[in-house]
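Based on the hints, put chains B and C in the right spot on chain A.
For reference, the chains in residue letters:
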Amino acid sequence: MYNKTLLDRILVQSKNKEQGQESRRISFERYEKEEFPIWKRLKIDKSTLPDYQKYNNQKTLMYRQEGLHVTPIHSQEVIFSNELLDKDYGPSIKHRTLTEAFSNTGTYISVDEGIEITEPIIIQLPLDQDNPLLLDHHVIHAKKKSRVVVVLDYRDDNVDGFHNGVVNIIVEEGADVQVIKLQNFSKRSTHIFSGLALVKRDGKVTFNSIDLGSTLAVTDFSTYLQEENSEGVVESIYLGDGKSKMDLSYNMYHEGRRTKSSILVKGALLHEAHKVFRGNLFFSKGAKKASGSEQEYVILLNDTVKSDSIPALMCQEDDVQGEHAASAGQVDENKLFYLMSRGLTEKEAKQLIIMASFTPVIDQIPIEGLQEMLEKEISTRLSS
Amino acid sequence: MSKLLLKIEGLRAQIDNKEIIKGVDLEVHAGEIHIIMGPNGAGKSTLAYTLMGHPNYKVLGGHAYLEGENLLEMKVDERAKKGLFLSFQYPEVIPGVTVENFLRTAKNAVDSKKQSIVAFNMLLKEKMATLGIDESYAKRYLNQGFSGGEKKKNEILQMKILNPKVAILDETDSGLDVDAIRVVAEGVNQFANKDNAMIIITHYKKLLDYIKPDYVHILKDGQIIQTGDIGLAATIDEEGFAGVNTN
Amino acid sequence: MERKRTVIEDVDRGVYDIKNADIAAYKSEAGLTEAIIRDISREKNEPQWMTDFRLKSLEIFNSKPVPTWGADLSELNMDDIVTYVRPKSDMKASWDDVPEDIKNTFDRLGIPKAERESLAGVGAQYDSEVVYHSIQDNLLKQGVIYTDMETAIREHEDIVKAYFMKLVRPQDHKFAALHGAVWSGGSFVYVPEGVEVKFPLQSYFRLNAPGAGQFEHTLIIVEKGASLHFIEGCSAPKYDVVNLHAGCVELNVKEGAKLRYSTIENWSRNMYNLNTKRSIVDKDGTMEWVSGSFGSRVSMLYPMSILRGERARCEFTGITFAGQGQYLDTGSKVIHAAPYTTSNINSKSISKDGGHAFYRGLMRVTPGAHHCKSTVSCESLMLDNLSVSDTLPIIELANDDIDIGHEAKIGRISDEAIFYLMSRGISEVEAKAMIVRGFVEPITKELPLEYAVELNQLINLEFEGSIG
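Protein chains in written order, with the working numbering: chain A, 1 to 384; chain B, 1001 to 1247; chain C, 2001 to 2468.
Calculated from the structure, these hints are not laboratory results. Please note that a few of the clues may not be correct.
Now the stretches of chain A that chain C is said to cover, found in silico as 3 or more residues with beta-carbon under 8 angstroms [claimed, not checked]: (1) 296-302; (2) 305-313; (3) 324-335.
Every residue, glycine too, gets a C-beta built ideally from N, C-alpha and C.
Here chain A stands alone, though its shape is the one from the complex:
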């Protein structure tokens, strides 16, 4: 299905500029060479892809502003540098290159030098009966000293959906980009997400991942702190329930001097949910005075959950500080007892404690109504 014929058809039909077409071809070549991965920990070794079809459901909510350019992907002479195409990132190269070659929607956002975009740009990408396949590819290019917040909102209409998304972020000198991925698919959809950020001198990228749904949720976000004083932040929350499987992988590559990174992951697991967390801090030789930390805290709510954590520190430079901390366990009995002694039901008390654990992450996310939505989700799932 995902072959040369399809690619040619897409290239003919789309209004892609030459450079966009070329990047699709390059990614296709790589796609053909790669194998589908075996996700051993999640016990998934087959990858059946749904047939290709168009996606016409993207909605972009934004305020027009001088210096902000938002267009469909490939319709611009977007710089798909070799750097973007060659970097190793994403949970599987096969899935990533699939979307790079065959994307059926996507946005190119570019912010001019010195421009601050005050309101978040919200991209809604819902799946429904007519649009069950989403292969979205977005590029965010923040030029010198610019600032932008982008929200990717993934939901579905309770269909058998398939989502495989790619986001590339280029953060130039002194720029600041925050990308928030909100994923609340039904238990019938699959969600695969590959993110890459290249951060230049004094730049900062923040990635927030909020994973609440889908039967299989795989997210891999790689931040390359390429130049001095650049910073990468990942703050993520997840809620796994039912039989959902989740693989969250966050990578920080410290290349420049005085680069900083932090990964904070908070989650709760119910029922037979299985989560795998991987946090990788790489310190390259020469990344002097770099510092990185990763923290993961998970609340386990049933004895049938599974939680794997693989935090890694890989270090080739001595003049750095790397730290990792993790903890896992049930809701603190004393806290539970205290709250219940004040008249809360066990469910209410648990909900409160889980929300309390999420708060440090939620506070950083400028989406209205997020707190209420999470409260509702947690409450619903604790009851089921």
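Only chains B and C this time, still in chain A's reference frame:
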């Protein structure tokens, strides 16, 4: 006049490419106690670190001599061996190294002779007793799990054992309650004699209830702008640093 | 502060490097064939079941690939390894009867002295065979068995047959299979119910022949309510050819029993140390590992504790010091397979002069193992930026009613700490050595005294190189 121990001439120093000390002159003679006061960011700690030779502080100009020898050319440990001591505002925690082992190594280095463990332990025990430090602290890891007051007492203990010629106390009194300040002050008074000298950097006048300085200096914006006796400290206490005559 | 770099070609390891002439009584051909295996077994006069076991293991060995993760093993050519080297001495019960050169080796290593002063029994293995064994009379009277494995098979065949390679099976990985095929020497300890062995037993493994392999098997059974401290020491002189150590340690800790297993590996830097160690702990039993890895060119060593009885507990205290040309890949594995089990893992590593220290651990809680507690702490110190340090602890939880904490840190000696010590008159070199000694102190205090001294000397030696 008694012997000149420390002589600082036109000292200028920077950290992170920013000049903090902008020409300091100071002479300290044997038997003297000097107080240096000044507002936040005046350069008090920078002056202390520069004299001790912290690698992050770069000397831009000027001189500093300890008993006529050029301090600024010496490595940090050589300065200590020559008789300079700095009581740190924030003493480092060194896990796994006991107070006893650390101090014995330091004492042997400073005195350039190996003292027997028994003799050293007797000295340590005696000095700890004078500061009211429990004996068990000798076996504890250096500053690990010490309260603020315990860390400062430990600094004074080190000073008493190493017996320097010039001791600089960098805000040793900050963050301490009245009782701890008194213990520190007593330690200082016990240590001070006609052969050594002290430079006490402080923020508060409280310490001066217990210590009688010979000179009080006001350091502001990297320079000593006024020198006086204890009366100067009283002025500051009432009027703040703004009240100091900068002309 | 000026930072100086130490360059030492190879550490002068003093007595460890004194080698004896290679005059073995019998040597098998290089490489591994069924004929060689049959030779070994015949030479040892083994029962048929053991010969069969060896041959089965060889089959498994041949069918398994060399692991591709972790260390680069491409230079390890199995055909070059002389798998079996028997020294020209039978086992003796008195040092006086041990040949002069072998005895001198152990003398230099301080074994007989330690035996007189602080040990309840000693075993000494030279290349593939145990040359000396002793045990205090009072322990013998209480039924404690401490002997070499060959004797154990002859005299306690039933026990050996019931436990031998049941915990580490040849199927587990290629080098476990190799071990099953060519194992030789090692120690067997049996502590009967309720017997407390007050002083440690110590086995010392010395590899002398160049290009040889050492495949000793250690099997320990501590029965209900009994206790034991066992010390294992390993070393070899430096040769230019590759040596291989693929030993196997199986520890059975029964109900309420306690076993402490201390190891110092200081193999020379031509050694591939691919050792497998495992313990299984019953109800209320305690397993304590104390492990120091300093030597070898490549180490892949992950002592595992399987906590299969309720309230079983284990502790792991380990230190790895990777210097020039070394790749030391080690870590602790714990399987919580029963409720109320606890584990406590404390690992430290130092890398220096281009050495590569890798912590690779596993902490697994199985579905039924509720009320488990585990803390894992990994700290890595890098002494220069030629070196590499990696930490990869894997945590797998299949249960909610647990309390798990993990932390890891990586970094170098802080300049502020060096400055603080130097401001008290301590030289830069001594300040650094002092901080490093302090870093490993929680480990050294768990080591037998002579090993603690050895470790501190090693650190001093590493720092002396940077003077001037």
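Going through the hints against the structure:
1. Figure legend: the segment 296-302 of chain A, annotated as covered by chain C; annotation consistent (3 residues with Cβ-Cβ distances under 8 angstroms, at least 3 required).
2. Counting residues of the segment 305-313 of chain A whose CB lies closer than 8 angstroms to any CB of chain C gives 9, which reaches the minimum of 3, so the coverage claim holds.
3. Check on the segment 324-335 of chain A: 7 of its residues sit with their Cβ under 8 angstroms from a Cβ of chain C, so the three-residue criterion for coverage holds.
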